[in-house]
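Colleague: Chains as they are written, first to last, in UniProt numbering: chain Z, 1 to 420; chain V, 1 to 420; chain B, 1 to 420.
Think of the hints as simulated: they come from the structure by calculation, not from any bench. One or more of the hints may lead you astray.
[Stated by the list, open to error] Negatives, chain Z to chain V, calculated, CB over 10 Å:
{"#": "1", "residue": "83"}
{"#": "2", "residue": "236"}
{"#": "3", "residue": "284"}
{"#": "4", "residue": "321"}
{"#": "5", "residue": "395"}
{"#": "6", "residue": "400"}
[Claimed, not checked] Covered, in the sense of this in silico footprint (three residues per stretch, anywhere, with C-beta under 8 Å from a C-beta of chain Z), are these stretches of chain B:
{"#": "7", "region": "265-271"}
{"#": "8", "region": "357-366"}
{"#": "9", "region": "371-385"}
[Said to hold, decoys possible] Listed next, with one range per pair, are the computed distances between beta-carbon atoms:
{"#": "10", "chain 1": "V", "residue 1": "373", "chain 2": "B", "residue 2": "400", "range": "38 to 48 Å"}
{"#": "11", "chain 1": "Z", "residue 1": "279", "chain 2": "B", "residue 2": "308", "range": "33 to 43 Å"}
{"#": "12", "chain 1": "Z", "residue 1": "384", "chain 2": "V", "residue 2": "283", "range": "14 to 24 Å"}
{"#": "13", "chain 1": "Z", "residue 1": "384", "chain 2": "V", "residue 2": "233", "range": "44 to 54 Å"}
{"#": "14", "chain 1": "V", "residue 1": "372", "chain 2": "B", "residue 2": "99", "range": "29 to 39 Å"}
{"#": "15", "chain 1": "B", "residue 1": "99", "chain 2": "V", "residue 2": "169", "range": "37 to 47 Å"}
Only a predicted model underlies this, so the values are computations on that prediction, with no experimental measurement involved. Idealized CB from N, CA, C, for every residue including glycine.
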Amino acid sequence: MTGTGAGERMHALVRRLHPLHRSMTGDGVRQTLEIIAEEVPLTVHEVPTGTPVLDWQVPREWNIRDAYLKNRAGERVVDLARSPLHVVGYSVPVSRTMTLAELRGHLHTLPDQPELVPYRTSYYGDTWGLCLSENTLRGLREDEEYEVLIDSTLADGHLTYAEHVVEGSGAGEVLIECHTCHPALASETLAGIAVAVELARSLTAPRHTYRFVFAPGTIGSITWLARNRDRVEHIRHGLVLACAGDPGGLTYKRSRRGDAGVDRAAAHVVAARGGTVVDFTPFGYDERQFCSPGFDLPVGLLTRTPNGAFPEYHTSADDPGFVTAEALADTFTAVREIVEVLEENRTYVNLSPYGEPQLGRRGLYGTPGLDQMAILWVLNLSDGTHDLLAIAQRSAIPFAAVAQAARALAAAALIKEVGT
Amino acid sequence: MTGTGAGERMHALVRRLHPLHRSMTGDGVRQTLEIIAEEVPLTVHEVPTGTPVLDWQVPREWNIRDAYLKNRAGERVVDLARSPLHVVGYSVPVSRTMTLAELRGHLHTLPDQPELVPYRTSYYGDTWGLCLSENTLRGLREDEEYEVLIDSTLADGHLTYAEHVVEGSGAGEVLIECHTCHPALASETLAGIAVAVELARSLTAPRHTYRFVFAPGTIGSITWLARNRDRVEHIRHGLVLACAGDPGGLTYKRSRRGDAGVDRAAAHVVAARGGTVVDFTPFGYDERQFCSPGFDLPVGLLTRTPNGAFPEYHTSADDPGFVTAEALADTFTAVREIVEVLEENRTYVNLSPYGEPQLGRRGLYGTPGLDQMAILWVLNLSDGTHDLLAIAQRSAIPFAAVAQAARALAAAALIKEVGT
Amino acid sequence: MTGTGAGERMHALVRRLHPLHRSMTGDGVRQTLEIIAEEVPLTVHEVPTGTPVLDWQVPREWNIRDAYLKNRAGERVVDLARSPLHVVGYSVPVSRTMTLAELRGHLHTLPDQPELVPYRTSYYGDTWGLCLSENTLRGLREDEEYEVLIDSTLADGHLTYAEHVVEGSGAGEVLIECHTCHPALASETLAGIAVAVELARSLTAPRHTYRFVFAPGTIGSITWLARNRDRVEHIRHGLVLACAGDPGGLTYKRSRRGDAGVDRAAAHVVAARGGTVVDFTPFGYDERQFCSPGFDLPVGLLTRTPNGAFPEYHTSADDPGFVTAEALADTFTAVREIVEVLEENRTYVNLSPYGEPQLGRRGLYGTPGLDQMAILWVLNLSDGTHDLLAIAQRSAIPFAAVAQAARALAAAALIKEVGT
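My request is simple: use the sequences and hints to build the entire structure.
Modeller: What follows is the structure, given as structure tokens:
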């Protein structure tokens with residue numbers, strides 16, 4: 001279904017989005033959404049600074065044009081042009097000449113990973129800073145003065161997020177959400193966006209409506225929730241996508257409910273693909289907001305290696321070279337399989353429940369392409385309380401084979417769908 | 001309780017039943033039932049071809065008189081007289097001369113077990129075939145013509161099954177069922193019959209009524225269920241017996257309910273005897289029909305090595321030499337212990353529930369032959385929600401000692417039976 | 001919290017109580033209670049012989065003044081003055097000269113532990129006996145007569161028990177019970193008393209009322225229950241303390257309910273301290289009575305090495321040298337931690353449940369001394385169904401940190417206590 005084509009296409013998108021200057025707000029986010037909109041149509045929302053959203057307010061908008069640290073020789077030893085990570089997100093403007101001693105409190109490095117530049121923000125701190133490698137820092141001279149410039153604006157403006165909707169035939173919605181706020185983190189941020197875009201492209205006439213939300217972390221999902229409080233009751237299932245492109249295995253973190261439909265579907269798929277399933281924790285990505293106790297939505301988090309669990313996390317090493325087309329394709333395949341379970345999972349009742357029905361005269365005995373054990377399991381467990389996913393798990397037969405058996409049995413009028 | 005006498009008696013019955021020409025219907029089944037009736041009285045039921053039974057109809061009756069493959073020299077290279085397995089069950093009559101090439105589609109062998117003859121049927125196929133060893137097949141000549149004869153009849157007649165009932169003092173019934181349809185499979189078919197017969201002989205004035213059903217697999221239990229739909233509500237517990245004579249360990253497959261009384265009793269006994277307990281699957285023997293969702297009866301399957309899990313399964317190697325008197329006796333002992341739990345398991349309420357009662361003045365303290373811990377456990381857990389089996393499992397005290405303690409406590413009016 | 005002071009103080013109490021002649025009734029018990037009353041005020045109850053108590057009657061009172069076995073040379077080869085264990089509890093008076101052969105049925109030893117004197121009683125046997133080491137017995141001469149004297153009285157009198165109550169601000173009671181009936185068993189009996197006394201001293205203005213009961217085993221708790229049947233409904237939690245001073249690890253035995261509040265609290269504390277948690281059994285100490293099915297109180301048993309599981313159990317080797325101040329302090333710390341959970345455990349509801357509240361503007365983000373993950377967990381799970389203990393267990397964060405986070409969140413009006 002995916003082939004190398006999808007993996008390469010997703011990787012190209014990651015590479016294209018990587019150099020942009022994203023933050024919680026600002027033009028880097030808008031440029032990101034414009035590129036996504038070349039792939040799938042987006043509705044972009046601009047929410048003014050100061051708008052009350054749940055317990056919060058939409059913050060000021062931040063934009064960055066230039067940032068550097070220049071030595072006496074006029075060389076930019078730190079230069080935003082080399083990486084968006086070099087400036088602390090939401091830094092206030094600064095233009096000064098300072099000694100290294102004065103600068104130190106504003107310089108962020110990773111002493112244990114001396115070649116890497118860290119990712120740092122100071123959203124609500126009204127301060128500024130530069131990020132650089134420990135090796136670069138070690139090359140600076142104690143007795144020298146440096147010119148520091150951060151050409152940023154932090155002013156009333158807007159928070160920007162976007163939606164793409166694939167309408168389904170039924171009443172339920174599936175929410176797919178990615179954070180858009182991190183600059184230059186290829187697997188952590190961009191891989192999830194690329195998988196979401198690929199999923200959106202792949203959906204044709206689904207049963208559920210699929211709503212894709214691209215928004216900054218925390219404040220973005222809080223803003224979306226504040227503006228969509230009537231909509232959340234329609235959300236049947238949801239997935240947050242992040243850390244989606246590294247070579248490690250899949251990890252699914254359950255929703256707060258733990259046994260919601262998406263939890264069962266994702267646990268089934270991820271476990272079958274050799275991945276790991278972990279319980280909900282109130283720390284991570286926007287599932288924190290969707291799973292706050294007032295909403296308690298059935299939204300889980302799908303990653304490969306989880307946030308904080310790989311050394312490249314939140315550093316300049318999380319670049320497009322860290323992401324592989326194979327990993328992106330594998331994440332996409334897992335998401336597709338989860339979606340197939342969400343689409344195809346149904347509950348049936350056996351219309352011939354006394355003894356086994358005679359399958360031979362209905363062409364359901366030994367039929368090539370039909371899994372005979374799946375036929376027997378669906379007949380036996382279709383009592384209105386077991387859905388097809390439960391039957392697949394109990395029988396250890398792949399969901400697709402169980403769903404196929406159910407379709408054949410329904411066509412033969414031996415089972416009938418009930419409820420949902 | 002069993003001794004070698006029971007084991008040898010059961011083995012003798014297996015040997016006596018082994019040569020008969022059993023199939024789904026026909027005189028081989030009738031002869032089988034006649035031999036069983038020498039041990040325990042049977043009520044034999046004959047149900048006419050075409051009778052509607054649940055989703056099925058009673059099929060035509062099949063009888064076989066002779067079958068062979070004769071070479072040009074007049075030698076019977078395959079001969080029904082040597083084994084009932086040599087003819088495919090329900091083969092239509094045939095009398096022809098054919099080349100080996102023409103014959104091949106009608107000859108069934110086991111290439112991986114070249115010395116063995118397979119067991120095959122074609123109940124609803126209106127075709128014919130012979131079963132032989134791969135070695136025999138290899139000895140046939142490509143350039144030779146063979147005379148094939150199957151002297152069978154497939155015509156309106158009857159499906160034959162039988163019942164033996166041991167009346168109990170209470171209202172509940174225990175169903176014990178064995179399939180009678182397989183020719184010359186000693187452990188798979190005949191050992192279960194022998195154990196059932198031995199159990200029937202051993203029951204005297206039980207609490208429950210024990211109903212033994214000897215019927216062809218699938219269509220036989222479907223016919224019985226169709227003719228006993230009012231009776232099934234009385235079935236409190238049930239066991240299907242099959243694959244009961246091989247030297248491997250015991251296996252109990254739970255009913256569809258999973259935690260029915262018979263499941264708890266059999267799991268307790270089989271686990272204590274070092275056997276294996278597995279969950280229900282809708283594949284196996286007639287528990288498939290009893291556990292169809294419309295009936296959902298509390299009927300499990302007791303075997304030694306399960307169907308399909310031993311290399312002799314459905315081959316000529318499943319002969320009386322494969323069955324041992326020790327294995328038969330061990331299966332019988334397990335069934336007896338399960339029956340004892342079904343008979344003795346009760347729920348009590350403590351009549352002196354505030355503090356421990358003073359046991360000494362009632363002769364229940366330090367009494368030889370009474371398990372003091374069993375006394376304390378029965379007193380503590382007799383609150384109307386724990387039956388004796390639950391107490392035995394929680395306390396890890398053998399069921400018999402718990403039941404004995406309960407009898408002593410009931411005699412001292414410290415506990416009283418409730419409900420059932 | 002405890003330091004070596006508490007451990008040494010408890011050990012001193014064990015040493016002081018060790019020489020007294022305790023039994024089910026009598027002056028040894030009264031002297032024990034008098035010494036305890038020097039530490040914490042006691043209300044002493046005297047219940048007359050013959051008083052009906054549940055299924056029992058208060059027995060006669062037993063007192064012992066002297067007991068010995070004297071050889072022909074006039075030496076006391078067994079002498080009560082050397083250990084209270086030398087006389088079988090509740091021995092009737094005797095003063096005779098007997099051969100060793102006549103004596104043997106009255107002499108109790110431990111052949112496998114030849115240096116130790118066993119602990120024996122015969123409460124309801126109207127017999128007598130002496131306990132001695134196997135080595136002493138082996139030194140007696142077959143051909144010699146011995147003078148045996150037991151100067152005891154067994155007559156109408158009283159059963160004595162005592163209570164100490166620390167009133168709490170709330171309506172619930174916590175029951176702490178120790179048995180007082182065993183002579184000269186330092187860890188088995190006296191360590192539990194010492195820990196209870198230390199706990200009583202440590203409580204100041206608790207939420208719950210703490211009721212300490214010092215009573216003889218079995219008949220004492222039965223008497224207490226009989227006289228307090230109206231009170232038991234107020235018991236929210238309870239602990240029986242015994243075997244509290246040996247160097248082994250902690251063991252908590254759950255109440256009959258298995259998941260009562262005290263079970264969850266004690267399991268959490270004991271597991272975190274590397275101890276063992278076991279299921280209820282109707283054998284042990286007075287939890288047997290509190291957990292009889294009529295009362296079914298939430299009372300567990302806290303020990304170090306459990307009764308019967310250490311070789312010194314019920315022998316003269318269970319002396320003050322077997323008990324360590326460190327072990328006593330560790331038991332006390334565990335009890336204090338359990339009490340802290342019982343005191344501090346509450347259920348809250350999040351007052352800002354839609355999305356995460358903005359913690360920064362409330363001084364709850366990155367605040368030194370506050371566990372940020374505990375803050376997030378309490379917010380996420382405070383929906384009226386998870387108490388703080390459940391949150392601590394789910395998050396694997398220490399209870400104290402969770403409770404502290406909850407206090408900070410409650411002070412910020414982000415959560416509100418509900419029910420209890």
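Colleague: Each hint needs a verdict: does it hold in this structure or not?
Modeller: Verification of the supplied hints:
With a closest Cβ-Cβ approach of about 56 Å to chain V, residue 83/Z is found to remain outside the 10 Å limit, as its non-interface label requires. The beta carbon of residue 236/Z sits about 27 Å from the closest Cβ of chain V, which is more than 10 Å, so the claim that it is off the interface holds. For residue 284/Z, the condition that its CB be more than 10 Å from all CB atoms of chain V holds, with the nearest at approximately 35 Å. The claim that residue 321/Z is not at the interface with chain V holds, since no C-beta of that chain comes within 10 Å of its own (minimum 48 Å).
Non-interface call for residue 395/Z relative to chain V: violated, since the shortest CB-CB distance, roughly 8 Å, does not exceed 10 Å. Chain V leaves residue 400/Z outside its interface by the beta-carbon criterion, the shortest separation being 19 Å against a cut-off of 10 Å. For the region 265-271 of chain B, the stated coverage by chain Z is violated: 0 residues have a C-beta nearer than 8 Å to a C-beta of that chain, whereas at least 3 were required. Given a C-beta distance limit of less than 8 Å, the hint that chain Z covers the region 357-366 of chain B holds, as 3 residues qualify and 3 suffice.
Only residues whose beta carbon comes within less than 8 Å of a beta carbon in chain Z count, and the region 371-385 of chain B has 8; three or more means the coverage holds. Separation of residue 373/V from residue 400/B is about 39 Å and conforms to the stated range, judged on CB atoms against 38 to 48 Å. Look at residue 279/Z against residue 308/B: about 39 Å separates their beta carbons, and that is inside 33 to 43 Å. A hinted range of 14 to 24 Å for the beta carbons of residue 384/Z and residue 283/V is consistent with their spacing of about 22 Å.
Taking 44 to 54 Å as the suggested C-beta distance range, the pair residue 384/Z and residue 233/V does not conform, at roughly 21 Å. A hinted range of 29 to 39 Å holds for the C-beta pair residue 372/V and residue 99/B, which are about 34 Å apart. For residue 99/B and residue 169/V, the Cβ-Cβ distance of about 60 Å falls outside the hinted range of 37 to 47 Å, so the restraint is violated.
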